[in-house]
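**Student:** Just so you know, the sequences run in chain order G, S, H and Z.
Reading the first sequence from the start, the letters are residues 1 to 319 in full-length UniProt numbering.
Reading the second sequence from the start, the letters are residues 1 to 319 in full-length UniProt numbering.
Reading the third sequence from the start, the letters are residues 1 to 319 in full-length UniProt numbering.
Reading the fourth sequence from the start, the letters are residues 1 to 319 in full-length UniProt numbering.
Don't take each hint at face value.
As the list claims (entries may be wrong) - Restraint ranges, calculated between C-beta atoms of paired labels, are given here: (1) G:Lys223 to S:Asp240: 18 to 26 Å; (2) H:Met59 to S:Gly216: 36 to 44 Å; (3) S:Ser45 to G:Ile63: 13 to 21 Å; (4) S:Arg206 to G:Lys223: 45 to 53 Å; (5) S:Thr99 to G:Ile67: 38 to 46 Å.
Unchecked claim - Covered stretches of chain H, going by a simulated chain S footprint (3 or more residues, C-beta under 8 Å): (6) 75–87; (7) 141–149.
Calculated directly from the structure, the hints in this document are not laboratory data.
The model shown is predicted, which means the values in this text are computed figures rather than measured ones.
Built from N, CA and C at the ideal position, the CB exists for glycine as well.
Residue-level listing of the chains:
Protein chains: 4
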Amino acid sequence: MSKKNLLVENERNRQDLGFGTKLTDRRKRLLKQDGQFNVKRKGQSFEAWLNIYNRFIIMPWKIFFLIVLLVYLLLNFIFAITYYLIGVEHLIGVNMTSTHSQFWDAFFFSAQSLTTVGYGRISPDGFAASWVSSIESLVGLMMFAIVTGLLYGRFSRPNPRILFSDNALIAPYLNINALMFRMVNERSNQLINMEVSLVFSKIEERNGLPTRRYYGLSLERAKVNFFPTDWTIVHPLTEDSPLYNETPESLAASDAEFMIAIQGVDDTFADAIHVRHSYKAEELVWGAKFTPMVEEDGEEIYILDLKKVGNYRPANLNY
Amino acid sequence: MSKKNLLVENERNRQDLGFGTKLTDRRKRLLKQDGQFNVKRKGQSFEAWLNIYNRFIIMPWKIFFLIVLLVYLLLNFIFAITYYLIGVEHLIGVNMTSTHSQFWDAFFFSAQSLTTVGYGRISPDGFAASWVSSIESLVGLMMFAIVTGLLYGRFSRPNPRILFSDNALIAPYLNINALMFRMVNERSNQLINMEVSLVFSKIEERNGLPTRRYYGLSLERAKVNFFPTDWTIVHPLTEDSPLYNETPESLAASDAEFMIAIQGVDDTFADAIHVRHSYKAEELVWGAKFTPMVEEDGEEIYILDLKKVGNYRPANLNY
Amino acid sequence: MSKKNLLVENERNRQDLGFGTKLTDRRKRLLKQDGQFNVKRKGQSFEAWLNIYNRFIIMPWKIFFLIVLLVYLLLNFIFAITYYLIGVEHLIGVNMTSTHSQFWDAFFFSAQSLTTVGYGRISPDGFAASWVSSIESLVGLMMFAIVTGLLYGRFSRPNPRILFSDNALIAPYLNINALMFRMVNERSNQLINMEVSLVFSKIEERNGLPTRRYYGLSLERAKVNFFPTDWTIVHPLTEDSPLYNETPESLAASDAEFMIAIQGVDDTFADAIHVRHSYKAEELVWGAKFTPMVEEDGEEIYILDLKKVGNYRPANLNY
Amino acid sequence: MSKKNLLVENERNRQDLGFGTKLTDRRKRLLKQDGQFNVKRKGQSFEAWLNIYNRFIIMPWKIFFLIVLLVYLLLNFIFAITYYLIGVEHLIGVNMTSTHSQFWDAFFFSAQSLTTVGYGRISPDGFAASWVSSIESLVGLMMFAIVTGLLYGRFSRPNPRILFSDNALIAPYLNINALMFRMVNERSNQLINMEVSLVFSKIEERNGLPTRRYYGLSLERAKVNFFPTDWTIVHPLTEDSPLYNETPESLAASDAEFMIAIQGVDDTFADAIHVRHSYKAEELVWGAKFTPMVEEDGEEIYILDLKKVGNYRPANLNY
């Protein structure tokens with residue numbers, strides 16, 4: 001193989017995962033602990049920025065229902081104005097005693113048309129008012145068809161709740177040490193075929209320039225078929241580990257970050273799930289091991305105490 | 001490879017599947033025969049415990065419709081009280097002859113608003129009553145949008161019905177013996193690309209402590225493209241099988257369990273399906289073989305008798 | 001490796017695909033040409049037999065809408081009877097002139113309640129009639145929520161339309177011959193990541209008993225990324241092909257069948273699609289090759305003539 | 001291996017990707033730059049041509065809502081005619097003063113039935129009119145169930161917005177050169193597990209005939225786990241690259257085309273996404289490299305300027 005090809009081969013074997021090497025600013029964390037990326041887009045088209053379906057799916061429930069309510073009131077207001085401009089005398093049954101009562105009866109008639117409840121105490125009579133109310137009922141049905149679609153989109157979105165230990169530990173493991181963190185499914189539904197990948201990133205000097213590099217860390221067990229209890233992910237600190245000679249100080253100095261990507265399947269719906277997490281150097285605890293989460297108290301069932309996911313106790317490391 | 005790495009390698013090669021080694025209580029079965037895990041969560045957040053969409057999807061149909069009915073009645077009751085407090089004189093058409101008739105007319109008006117049927121015999125007149133009924137119709141539409149979403153979620157949930165033989169058999173196979181169990185798709189829709197994995201778990205003494213260990217069992221055929229009739233899963237008891245020297249007594253003594261995980265694709269919807277099952281030592285029959293399920297009675301079509309999935313007859317084992 | 005293991009190894013390497021070896025009746029075709037299996041289930045539970053969601057999804061549109069209409073009429077009939085039994089005098093506005101008119105007004109009132117149109121010409125007044133109509137509107141909304149879910153299930157079901165050539169050909173190929181068949185996507189939407197597997201099945205004498213055996217046939221190209229035009233699937237008849245020494249007569253005598261399983265992805269919805277097809281020995285044409293389907297007529301666009309998918313012309317085979 | 005098998009082996013190793021070798025017309029581009037194929041189908045069945053669900057999903061929103069409006073008006077018109085033919089005297093409340101007013105009241109009554117708003121100012125009285133309005137309300141509910149399904153289908157369709165650089169570059173890379181193009185996700189939602197494959201196609205003389213051939217191009221990095229910023233896809237021009245000896249002139253002369261297929265997963269919904277793109281020889285820039293898109297301006301967050309995806313500056317190639 002020629003020298004040229006060797007260089008190419010080296011580059012090919014480098015692990016990048018999609019972050020690139022140019023993002024080297026030490027103060028900035030690329031992958032936030034909630035699994036979001038610390039990147040903002042500029043120059044998006046309006047449509048891409050709006051991304052309206054996505055926004056309606058991921059917004060909190062309170063905001064979602066508030067927007068539905070506001071749109072409902074706004075539509076009623078617009079149609080009420082329209083009936084008022086056409087002339088409320090074309091709405092049979094409107095209380096004509098005052099402008100105030102006329103407007104509000106138009107408003108309530110609008111609400112009765114939009115929701116298709118149509119009591120009939122107020123009903124359209126003239127040509128224009130009848131046309132507008134025909135359209136309004138269609139608009140109402142469209143709006144509720146849209147809301148139905150959005151609601152199902154929100155329901156069916158895979159939304160796993162994985163709890164992670166607050167800290168990653170450097171713990172004794174067999175007769176060496178290992179990097180460990182622990183996770184557990186907070187929900188009672190089963191997650192299966194779980195796979196985890198762990199990437200170690202730090203800033204290194206290359207040709208005198210600080211460059212962020214990425215290293216995949218091999219795991220004792222990267223895949224499990226079932227995930228009924230807790231799972232401690234273990235990267236053994238063997239001689240070939242990129243962490244073998246690291247110290248708390250060297251990790252802090254090189255702005256080290258451990259990035260975790262998890263995928264699996266939600267057993268109830270057979271939906272794929274994807275979860276990300278990360279630990280920074282300062283979230284590592286050196287010389288500790290996790291304490292058990294499962295209680296064996298003599299009952300017929302295993303008890304898993306979720307609040308203990310981050311619990312650890314000091315432990316002497318192997319040297 | 002150093003001694004350290006060998007230990008790591010051993011650990012890496014151990015098959016765990018996500019159960020961990022600390023759950024050793026003999027009286028407890030981890031994977032129940034219905035495919036559920038025998039684990040209870042403690043300390044869940046309210047939201048994770050509620051897991052409301054999941055619950056509405058997996059509950060029985062009777063409970064689902066009962067809850068819909070109760071929510072409907074409850075909402076009507078709440079709105080009826082509200083109209084009553086506002087004053088039923090603001091609902092035109094209410095039968096004012098008694099408190100009883102007033103309340104029930106408010107209740108029926110509420111039902112007519114919530115469902116948007118709005119006959120109009122009773123209709124709101126005052127400002128407050130009109131506002132409440134405007135909101136009630138919106139609430140009704142939201143409620144039915146939610147129910148529509150839940151219904152589709154229930155419909156579209158992959159829900160395979162795989163029948164398993166009641167027993168796993170130790171049966172003669174070629175010139176040795178094999179562990180066998182049989183399964184069949186109860187439904188007429190096709191399952192394709194089926195994969196099965198079989199894990200043998202037992203309690204062993206390690207360093208004087210009882211520890212549950214897991215062993216993957218190799219299968220004669222772990223994957224089939226089609227699954228139109230019955231499928232007998234076969235683990236040959238060759239010399240390298242973890243079961244090679246086991247006896248009925250040793251399996252019972254070590255609290256042996258055979259755990260099965262199946263995945264495939266439902267051909268109608270191209271949905272992934274996942275099924276789990278397990279056999280305990282006492283569900284094994286030694287010296288038996290399954291009898292055929294397919295009838296060949298001269299018709300133009302093969303007849304598959306599902307009730308025979310567990311049928312077997314005695315057979316001499318090879319030694 | 002011991003003799004025992006060799007037998008096991010042979011069995012393991014046999015290709016079965018899920019059909020089993022016991023189905024040997026020559027008159028019966030296991031995989032029908034429309035991709036359905038020729039198997040009938042006996043002893044299904046009522047629920048598995050009903051398989052109601054599945055049936056509603058795969059039934060023809062005409063049947064689907066007919067059932068919706070019949071259920072609508074049936075529900076109206078049942079509720080009309082109920083109102084009649086309660087007493088139509090509790091429905092204000094009913095035409096009391098005859099039993100006939102009373103029943104039909106109860107029926108139309110029922111329809112107006114079930115669809116929630118609720119004109120109000122007829123409206124409930126008494127306690128019992130009001131309760132029944134409250135429930136009927138709820139039933140109506142549930143029914144339409146169910147229909148909405150079924151409609152979306154029908155819409156979103158992957159339903160590819162792949163056209164196959166009527167015949168598989170034994171055609172000259174390079175300097176040997178090959179088994180070929182041709183397929184094309186009838187729809188204009190793109191299918192991508194297509195994979196095809198081809199299985200040859202025939203009845204052989206084993207230990208004096210006729211036994212159906214299955215052989216995978218290697219393909220010149222088993223996977224394509226894109227499928228914009230036609231695709232001719234080619235199994236070269238090399239010396240290691242299970243078909244190498246077969247003749248039209250030997251194939252007919254051994255009840256040969258070629259089974260095809262195709263999977264891919266519909267580009268519009270990213271849905272997985274699965275298609276099956278089969279050719280029997282009598283559907284083979286020896287000494288022919290497919291004629292082109294793509295017309296190059298000087299326009300800016302390629303024209304694919306779907307009706308030509310099965311067109312072939314005689315061709316001399318290589319020997 | 002015999003000579004026959006060698007020929008077969010060669011054919012097997014050729015990369016075709018599903019395009020076939022017969023499409024050689026130089027003026028026609030097979031894969032258009034928007035990812036669509038330049039192929040038109042002839043002889044489709046009406047149903048396959050109609051492909052109605054697909055059309056309703058991919059049509060622009062304006063067209064979609066316009067069709068809903070037109071169908072609504074058309075249905076109202078048809079039912080209005082029906083009521084008119086039955087006799088509007090069977091619709092209580094119709095303004096009988098003129099044929100014009102009779103028709104429009106029938107029309108508005110129809111709209112009130114179809115949307116199930118049913119004010120009741122106009123209501124059916126006779127047998128025929130009551131039957132028609134019962135059916136109309138059912139039709140209306142079916143129509144809105146269909147629209148709800150279509151809306152959700154439109155919402156949930158994976159619809160990634162990947163921006164590509166206008167040009168592919170031949171850029172210096174390590175100590176050789178490479179073919180490069182750049183892409184970025186315009187939306188803020190995360191795309192994960194991205195895979196890219198790149199195919200080079202050109203017309204070659206084979207046996208004196210022009211034939212289009214396809215070559216897969218190996219990439220420095222064909223898969224990334226995350227895609228938070230921009231991704232420059234790199235094909236190194238090593239000695240074994242099919243592009244190694246190409247020049248701008250030779251590529252233009254052989255009608256070269258670079259076809260790109262990308263797949264990944266949308267993190268929000270765990271939906272698979274598929275994107276295609278292509279560059280023609282004239283869209284290549286020789287001797288240039290991309291300029292950075294990420295701004296590091298001292299803020300807490302990385303800024304990605306999407307408008308710069310195609311920006312490049314001249315660069316000397318390595319020879």
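**Student:** Which hints, by number, does the structure contradict?
**Tutor:** 4, 6
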